[in-house]
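Peer 1: Residues per chain, in single letters:
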Amino acid sequence: SQQGEEDPQALSIQEGENATMNCSYKTSINNLQWYRQNSGRGLVHLILIRSNEREKHSGRLRVTLDTSKKSSSLLITASRAADTASYFCATDGQGAQKLVFGQGTRLTINP
Amino acid sequence: EPEVTQTPSHQVTQMGQEVILRCVPISNHLYFYWYRQILGQKVEFLVSFYNNEISEKSEIFDDQFSVERPDGSNFTLKIRSTKLEDSAMYFCASSYLTSATHVSYNEQFFGPGTRLTVL
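Chains A and B, in that order, are what the protein sequence lines are. Count the first sequence with this note's numbering and you get residues 276 to 386, in order. Count the second sequence with this note's numbering and you get residues 28 to 146, in order.
Looking at chain A on its own, in the form it has when it is part of the complex (with noise of 0.2 Å):
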């Protein structure tokens, strides 16, 4: 399948300090796409990086994209206790629009 797979599963860290999130995905894809989502709510858009692109930056985020090793990376700088949330990578290829997302990254920012 083309899922996105997340790791760490779980990642704890002191408020400032820098929450890197990696993501792997095993076919072709057209887009990547990160998410965020708190507890119990609904998923927020964060960022989208197309399969021509390397980097991108929104804000205190940073999202790689490494085609040759289908990987992607998000990176959240100066991390704040309001970041404590899960967050998914969404990918979508294959002349499909559907999404297919992985099993997330449970973020927890110690204050």
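These aren't lab readings, by the way, just hints derived from the structure by calculation. It is possible that some hints are incorrect.
Below 20 Å or equal to it, Euclidean Cα-Cα: the simulated EDC-like pairs (lysine to aspartate or glutamate) are [unchecked claim]: (1) B:105 / B:89; (2) A:301 / B:71; (3) A:344 / A:290; (4) B:69 / B:112; (5) A:331 / B:134; (6) B:69 / A:282; (7) B:105 / B:95; (8) B:110 / B:86; (9) A:331 / A:358; (10) A:301 / A:290; (11) B:69 / A:280; (12) B:84 / B:113.
Here are some chain A residues pointing at chain B (derived, C-beta under 10 Å) [as the list claims (entries may be wrong)]: (13) 312; (14) 319; (15) 374; (16) 379.
Simulated coverage check for chain B against chain A, where a stretch passes if three residues somewhere in it have a Cβ under 8 Å from a Cβ of chain A [stated by the list, open to error]: (17) 81-95; (18) 135-146.
What you are looking at is a predicted structure, and each value in this text was computed from that prediction instead of being measured. Positions of the beta carbon are idealized from the N, C-alpha and C atoms, including for glycine.
On the provided structure of chain A, position chain B as indicated by the hints.
Peer 2: Positioned in the frame of chain A, the structure of chain B alone reads:
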């Protein structure tokens, strides 16, 4: 800022009953989707809808499920006879799919979800 809305936020139903989950996608979006997330599991694709017809569906989306765009704004998911295993969070999403340099731009925006509990 435009957003996807969903109603109700929580629906409790008895097994075998029909439920309709409602969504209002972002107004200028062309593609609509339903996903679900069983508690503690990953988000799973159910169906995509474009130009008033289903464009893709997953194995989960069997004959018990149907989707409809009854007017210019609403997008609904109907589960005809609910089962216990249908208990999940159901998310609606929409996107304005464009093409640029042969690469699709498929940014999907999700609603807050409807938590369906089947007893």
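Peer 1: Are the hints correct? Go through all of them and say.
Peer 2: Results of checking the hints against the structure:
1. With a C-alpha separation of about 11 Å, the suggested pair residue 105 (chain B) and residue 89 (chain B) falls inside the 20 Å cut-off, and the hint holds.
2. Between residue 301 (chain A) and residue 71 (chain B) the CA atoms are separated by roughly 17 Å; this keeps the pair inside 20 Å, and the hint holds.
3. Distance check on the hinted pair: residue 344 (chain A) and residue 290 (chain A) sit about 31 Å apart at the alpha-carbon level, beyond 20 Å; violated.
4. A threshold of 20 Å between alpha carbons decides the hint, and for residue 69 (chain B) with residue 112 (chain B) the separation of about 15 Å falls inside it, so the pair holds.
5. Distance hint between residue 331 (chain A) and residue 134 (chain B) is fulfilled; the C-alpha atoms sit about 14 Å from each other, no more than 20 Å.
6. For the hint linking residue 69 (chain B) to residue 282 (chain A), the alpha-carbon distance of about 14 Å falls within 20 Å, and the restraint holds.
7. Taking the CA atoms of residue 105 (chain B) and residue 95 (chain B), the gap is near 8 Å; set against the 20 Å cutoff, the hint holds.
8. For the suggested pair residue 110 (chain B) and residue 86 (chain B), the alpha carbons sit about 16 Å apart, so the restraint of at most 20 Å is met.
9. Between the alpha carbons of residue 331 (chain A) and residue 358 (chain A) the distance comes to roughly 19 Å, so the proposed pair stays at or under 20 Å and holds.
10. For the given pair, residue 301 (chain A) sits about 33 Å from residue 290 (chain A) by alpha-carbon distance, which is inconsistent with the 20 Å threshold.
11. Between the alpha carbons of residue 69 (chain B) and residue 280 (chain A) the distance comes to roughly 10 Å, so the proposed pair stays at or under 20 Å and holds.
12. Restraint check: the Cα-Cα separation between residue 84 (chain B) and residue 113 (chain B) comes to about 16 Å, which is no more than 20 Å; the hinted pair holds.
13. Checking residue 312 (chain A) against chain B by beta carbon gives a least distance of about 8 Å; that is within 10 Å, so the hint holds.
14. Annotation: residue 319 (chain A) was flagged as interfacial toward chain B, and the flag holds, the nearest CB pair being 8 Å apart, inside 10 Å.
15. Interface hint at residue 374 (chain A): satisfied, since its Cβ lies 6 Å from the closest Cβ of chain B, which is below the 10 Å cut-off.
16. Taking 10 Å as the C-beta contact cut-off toward chain B, the hint placing residue 379 (chain A) at the interface holds, the least distance being around 7 Å.
17. Given as covered by chain A, the region 81-95 of chain B passes the check, having 3 residues with a CB less than 8 Å from a CB of that chain where 3 are the minimum.
18. A stretch counts as covered by a chain when three or more of its residues have a beta carbon under 8 Å from one of that chain; for the region 135-146 of chain B and chain A the count is 7, and the coverage holds.
Taken one by one, the earlier hints fail for this structure at numbers 3 and 10, listed in ascending order.
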